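Residue numbers (the numbering used here), protein chains in the order written: chain A, 302 to 573; chain B, 33 to 122.
These aren't lab readings, by the way, just hints derived from the structure by calculation. Predicted, not measured: the structure shown is a model, and the values here were computed from it. Some hints could be false.
Derived Cβ-Cβ restraints for the label pairs, each shown as a range [as the list claims (entries may be wrong)]: (1) L76(B) to D526(A): 58 to 68 Å; (2) A61(B) to G523(A): 39 to 49 Å; (3) E426(A) to T96(B): 21 to 31 Å; (4) D78(B) to S458(A): 55 to 65 Å; (5) L76(B) to R539(A): 34 to 44 Å.
Rough simulated footprint, nothing fancy, chain A against chain B, three-plus residues with beta-carbon under 8 Å [what the hints assert, rightly or not]: (6) 89-99; (7) 104-114.
Cut-off 25 Å, straight-line C-alpha distance, at most; resulting in silico cross-link-like pairs (DMTMM-like, lysine to aspartate or glutamate) [stated by the list, open to error]: (8) K105(B) to D432(A); (9) K463(A) to D482(A); (10) K564(A) to D349(A); (11) K532(A) to E474(A); (12) K105(B) to D482(A); (13) K564(A) to D432(A); (14) K101(B) to D482(A); (15) K532(A) to D78(B).
Using N, Cα and C, we set each Cβ at its ideal position, and we do this for glycine too.
Spelled out from the first residue to the last, the chains are:
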Amino acid sequence: MRYIEPHGHMVSRTTDDYQAMVTAGCVAVCEPAFWAGFDRGSVDGFRDYYRQLTEYEPARAAKFLLPHFCWLCLNPKESEDLGLAREVLALIPEFLTRPNVLGIGEIGLNRNTRNEMTVLERHIELAVRHDQLILVHTPHLEDKLKGTNLILDLLSSHRGVKPARVIIDHVEEHTIQRVLDRGFWAGITLYPDSKSSPPRAVDMLEICGRERIWLNSACDWGVSDPLAVPKTALEMRRRGHSADFVDAVLYRNPHRFLSQCPKFRVGAAGQE
Amino acid sequence: MVDHGFIGVRAKLIEVAAFLDRVERHRVADDFRCAALREAAEVLVDGRAERARRILERLSDPTTTPDEKTSGKAALGAWQPPAPLAKKKR
Chain A
302 MRYIEPHGHM
312 VSRTTDDYQA
322 MVTAGCVAVC
332 EPAFWAGFDR
342 GSVDGFRDYY
352 RQLTEYEPAR
362 AAKFLLPHFC
372 WLCLNPKESE
382 DLGLAREVLA
392 LIPEFLTRPN
402 VLGIGEIGLN
412 RNTRNEMTVL
422 ERHIELAVRH
432 DQLILVHTPH
442 LEDKLKGTNL
452 ILDLLSSHRG
462 VKPARVIIDH
472 VEEHTIQRVL
482 DRGFWAGITL
492 YPDSKSSPPR
502 AVDMLEICGR
512 ERIWLNSACD
522 WGVSDPLAVP
532 KTALEMRRRG
542 HSADFVDAVL
552 YRNPHRFLSQ
562 CPKFRVGAAG
572 QE
Chain B
33 MVDHGFIGVR
43 AKLIEVAAFL
53 DRVERHRVAD
63 DFRCAALREA
73 AEVLVDGRAE
83 RARRILERLS
93 DPTTTPDEKT
103 SGKAALGAWQ
113 PPAPLAKKKR
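My request is simple: use the sequences and hints to build the entire structure.
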């Protein structure tokens, strides 16, 4: 089995996780910029983080023969300080030409505030200006439905945004269809306690179809499982889905979306 | 599918029941999250489909405009109306 982990915060994980992922069939990992668990104090903190994502982490992954890609942004959890956000967004363009940078992400909303909306809009403009793919984080728990609607409306109102180049991540049963209906890609995140479980993810695939959907573990420093994606393959096979179905969802779909960035050169997208 | 899934789901249902008993025993059952959980649980036995989607919607913030200020970094799992709205609702 081959699969792509399209959303993993590997700077938070151990080398044991890299080894386990590669052993399970992972052929590429993509790391969106994330909140560190505390607010960074200055723009220099972000510069160091972007260097970690574009220099150190790909080298660490390469020791396990795993291609590592990343996305850059200021995470919505740090969007309340508009002055800092302006400085950080001004910093991002100098990193966009680095060989493992796929686009702008994970941008989005956290608590659905006006300041978060302002920073999201600036990120969208940055992505459009530099012709970048976009990866969007949708809020947690009770904030997800409202936040997803606000995000979809904002993206749809921007003339330069091409839905086929945007993935809306962390969808659940109440948000997946409205994301797909607007032409965007949808990401299902597999978490032990929140977001989606492997059985619920397969339910959504059975109900909504497998087009324009990827699965990810979003493994980070919290309760999460870096092997959640291959474990979901087992749930698919248990229900009688074919090996081709598994390959389409876990490998060909993310490969198709990510290959819109010419820097994403991993294997072939064809059926095995 | 039932053979594979039943025991795990049975365990989760008992956890829900035990949690609701526990919060009553400790006199915190009037917490808005516990109330939301009890209300959401009604969906389980209403005989209609799309239970997961409908429970998620019941636990969601129903407002549609951005908030002026953040109420903290973390979501709580159920929506709590702002104080004036809550009073009006009662």
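Verification of the hints:
1. The given range of 58 to 68 Å is broken by L76(B) and D526(A), whose C-beta atoms sit roughly 27 Å from each other.
2. For the pair A61(B) and G523(A), the beta carbons lie near 28 Å from each other, so the given range of 39 to 49 Å is not met.
3. Between E426(A) and T96(B), the C-beta spacing of about 23 Å keeps the proposed range 21 to 31 Å intact.
4. Between D78(B) and S458(A) the CB atoms are about 37 Å apart, so this pair departs from the stated range of 55 to 65 Å.
5. The supplied range of 34 to 44 Å is broken by L76(B) and R539(A), whose beta-carbon atoms lie about 24 Å from each other.
6. Note: the segment 89-99 of chain B has 9 residues with beta-carbon separation from chain A under 8 Å; the three-residue rule is met and the coverage holds.
7. Taking a C-beta to C-beta cut-off of 8 Å, the segment 104-114 of chain B contributes 8 residues in contact with chain A, enough for the three needed, and the coverage statement holds.
8. Distance restraint check for K105(B) and D432(A): the Cα-Cα separation of roughly 31 Å exceeds the 25 Å cut-off, and the hinted pair is therefore not satisfied.
9. Distance check on the hinted pair: K463(A) and D482(A) sit about 14 Å apart at the alpha-carbon level, within 25 Å; holds.
10. Using a Cα cut-off of 25 Å, the hinted pair K564(A) and D349(A) holds, with the two alpha carbons roughly 22 Å apart.
11. For the proposed pair K532(A) and E474(A), the alpha carbon gap of about 20 Å is at most 25 Å, so the pair holds.
12. Straight-line distance between C-alpha atoms of K105(B) and D482(A) comes to about 30 Å, which puts the hinted pair past the 25 Å bound.
13. Our distance criterion of 25 Å between C-alpha atoms is met by K564(A) and D432(A), whose separation comes to about 13 Å.
14. Between the alpha carbons of K101(B) and D482(A) the distance comes to roughly 31 Å, so the proposed pair goes past 25 Å and is violated.
15. Taken as a hint, the K532(A) and D78(B) pair is broken in the structure, with Cα atoms around 32 Å apart against an allowance of 25 Å.
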